[in-house]
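Peer 1: Letter by letter, the chains look like this.
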Amino acid sequence: MSGVQVGKRIIGADAPVTVGWENIGRVEGGPFKQFFFTWFQPAVLFGLIAFWYYAPNEWALASIGIALGLGFKVLLLGLEWVNPRYRSWQLTWKEFATDLFYVGLGYTILRMVDSYIGDGVMIEAVQNAFDWDKFSWFTGLPLLVQALLISMIFDFGQYWMHRGMHNWYPLWLTHAPHHYITQLNINKGAVGNPVELFLIGLGVGGFFDFLPRAFLLAGAIGMSVATYQHINVRFNTPRWWRYIFNTVEHHSVHHSQDYEATRSNYSGTWIIWDRIFGTCVDGEAELLGMEGGRRMDIRETMVYPFAEGYKSARAALRKRLQLPDTAAHQPEPAE
Amino acid sequence: MALNLPYIDRIWRAEGSVTVAERLTADEAFTRLDPLFQTPGTEYAVEGDTLAYTKRNPAAQDKLATFTRGTLRVAEQQDGTSRVFFNVSSTALLLCFLAPLLFLSFAQIMVTVNAWDKAATEAAETGEKKKDEDKAKPVPQLHPLDQMLGAPAPEDPAKKKKDKEKKDKGKFDPTPAYVLAGLFFLIYCVGRVLEPWLLKRTLRAALSAQHGESAAAAGAFAAPQPDAG
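Residue numbers (this note's numbering), protein chains in the order written: chain A, 188 to 522; chain B, 493 to 721.
Hints should not be assumed to be uniformly reliable.
Estimated spans, in silico, between C-beta atoms of each pair [claimed, not checked]:
1) Glu495/A with Gln600/B: 31 to 37 Å
2) Tyr497/A with Leu641/B: 53 to 59 Å
3) Pro630/B with Gly258/A: 33 to 39 Å
4) Thr531/B with Asn244/A: 51 to 57 Å
5) Gly258/A with Ser700/B: 40 to 46 Å
6) Ile601/B with Pro357/A: 24 to 30 Å
7) Arg696/B with Tyr303/A: 52 to 58 Å
8) Gly265/A with Ala537/B: 39 to 45 Å
By construction, these hints were calculated from the structure, which means they are not laboratory data. Ideal placement from N, C-alpha and C gives every residue a C-beta, glycine not left out.
In isolation and in its complexed conformation, chain B is listed as follows (with noise of 0.2 Å):
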């Protein structure tokens, strides 16, 4: 994801600042942020006042699990603030909003799926006359205890089957298909305002840390996230 495509790379990446009340050198900042780096699978080096990192395949719980790959530059202000830059990018983000097309594609499949079946069925029905009518089924009884209790009887399964054929679309229906593709896109873009929120709000909390505590046990990080859904 070390691609520069401007405009187009806001899909997955996200810039933004968090602003700390009070004056810190780069190594301060970074000493407070480190135990998000102390993370399996995360590899990052500090080259100044800018660090830069990248995990793979992060766990879970972990505070940058969507954002695995980034800099992270400290500015000192001249009030007497300090500002933390971030320049991170996002696999999960991308992948996300791509998913819609995966889910168009299968609802495609379907479609395609469906015409091939209809044109084989009719062209076996010209081909031989259509066979009798199916064997009339009896109509199932409720057991007594059932009519006893009221429960609705059961249907004739003829004119269920005549209702069905009138309502027969095809062999899949890709509606699940494309409730799905939509659903991705909503989560895409819930995710890419919430996430740099949160990751925002991770930076805040673990700058403004005392020290010697650790920036995961801040008790901001543990607050219940809202799903994307």
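Chain A on its own, in the form it takes in the complex (with noise of 0.2 Å):
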């Protein structure tokens, strides 16, 4: 396989990657699908913008906003079923169940892990340090600007954090287990090890004053671009929308089986992060994961960083005092 070439680099050497906009699948079927899975995207985003904006006082609530997004994910399912990116990514009964654990422990356990070591603590003891008052003026920005500026400040943190794990060894054995997906759902984005959630979720956001409402409109912003870099519909993406957000597209490629590509599309909301920073390729791929698309289970997917993290020391601490290796293990005999 001879890749194409992007900037530096040479995307699709080891497995397929689609590059370039002009090479990707469109919408195929009538023109209310063309028009419906053109602009889905963009009315979503501003019908909830409108939505944040004008609700009153006590619709805006962070609980009405957890229901809607549970609401637009079950749509979401929806479109997975009629207008399915790839077949080969079809969600079945098992994958859903399997994304549904990973979804409920970020609702349950890691809520409360979070809550003790999160952010918001981390943040609240620091700020016990410091004169908050100059942080305030951001409540007397115009809303949208508020809402923009934590939905990039988060983003740009993510997009660090991301980046980080792909180029730190420690790091990239908290997030190696979510590279082990082979299809792309909407609910793909919690399967992974809980240290890589915890980790990825860490943001400086709090460090800000905002008023409430910002914060809802930039958790609409987030729900409704951020959602769907993990989805198995096929969209005709706008093209100002493609070159300020992520999309599936985009992610796709960060999730190949190609390593050179899996180092690109590191931002979770705004891909201009990563057109600023030089990572980002502009493309699509359906062959995902890794060791040639090996499917890792629950327990092998919470044990990861562990097992592999002791196995890496061990290697290294033998090279280091120069003991011979061990055996090299024997996979046992097929019965």
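Fit chain to chain and form the complex, with the hints in mind.
Peer 2: So, in structure tokens, the structure goes:
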């Protein structure tokens, strides 16, 4: 496989990756279907922004935001069924149940852990040492500017944390299980080792004082953009959208079986961070995963960072102490 | 999952049969089913009229991904047809059946922590007098642009805090854990009915496939599957 040169890199030398917008697939079907799957994403984004901008205070609650998010996911599951991007990514009962298990961890036990050691706690500890009034001028900015700042600051942090995970081995150990997913569906964003999910959720937004409504607006932007990064739906994404926002096309390149392609498209919502820092690759991929597409089960996902970390540390220590390697592990003969 | 527990094993085991409208020997039937077992992590053995298989962590799109262990037996019928009897088991179904217990235990942990937290707060409040009322925060004002566009003005934080205190049920809300427990029970019920039905469809399609045609390529396999939720 020869691959395609993007900047100084060769993309698609190890596994197939489609590079360039002109080469990616389009929605197939009649004019209504074309119209729907071209304008669905912008319509939802602007609709949600308008909703949160004008919703009365008694509606502007985090609980309503969560309920809207859940309803939106059910709708997207329906779209995955109606207009899948790839049949090889079709959701099955087992995949759905597995994905929901990880989603469930996020809503329960991880949330508990987060309340003790998450970014909110860390930021509060730091805040106690400073005078924070100087940051309160943010609340005087127009609401949409505040929302954009919240969203972009959070995504900037996520970009660098994610890039760090692909470049520093201890962090990679936590992120690797997420790269063993072999298809994209809307709940796949939650699939991974809990340590990674904790790390990627860390943000610095809590240092700044924003109006609650601005947080809801930022949440709406995140929900109606970042959710699409793991979705099996074919959209005719508008050109301006894919220039500034992350898309499933970008994220499928990031998850492809091609090593060099995985080192691109790190942002969650704003692909412009990748454009600015030179890591964006426009395109798409169908064959995803690691080790030729080996599926990682829940047990291995939970222990992987610790088991692999132990193995690597042991090997490094042996090398340093110049001890002989133990006999290579022999797989058991087939029954 | 080689346990033999009558009645209880119906949680994770499925039994049934598929009728083929032609007389097939065991060899012919297993040849047609062969593509289902030519996937990574699959081991199988044929002994007479019975095929036994196991699949270790099969791929997401593997047609037998849910039922990772089982046997298939071929029997020729008097009326010129054949029947393939299956007896298969699923770790996924068992884990899905147990998942509600896990989420109920998370809920119980939350309830317990809430109780501890409440007790600790009350003890702290009785030990020392309540601190002075929080400094009155100024009511935040909307930017003139937002006022012009008609966005609702922010609420007084002091009033909001009072409302919050009234509603405060504890540090952690166990509701999502209860909802997830219920959801997994529902998904289990759907899976217990849907997956054996899909298995029958898969076997029927593979057995009726023309010679030389891969079972995996049979059109019926590619049909969209409904999600369990």
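Peer 1: Decide, hint by hint, whether the structure agrees.
Peer 2: Hints versus structure:
Against the hinted window of 31 to 37 Å, the Cβ-Cβ separation of glutamate 495/A and glutamine 600/B comes to about 33 Å, which satisfies the hint. Hint check: tyrosine 497/A to leucine 641/B, Cβ distance near 57 Å, so the stated range 53 to 59 Å holds. Taking the beta carbon of each, proline 630/B and glycine 258/A are about 36 Å apart, inside 33 to 39 Å as hinted. For the pair threonine 531/B and asparagine 244/A, the beta carbons lie near 56 Å from each other, so the given range of 51 to 57 Å is met.
At about 41 Å, the CB distance of glycine 258/A to serine 700/B agrees with the hint of 40 to 46 Å. Between isoleucine 601/B and proline 357/A the C-beta distance comes to about 29 Å, which sits within the given range of 24 to 30 Å. The hinted window of 52 to 58 Å between arginine 696/B and tyrosine 303/A holds, with their beta carbons roughly 53 Å apart. About 42 Å separates the C-beta atoms of glycine 265/A and alanine 537/B, a value consistent with the hinted range of 39 to 45 Å.
No hint from the list above goes unmet by this structure.
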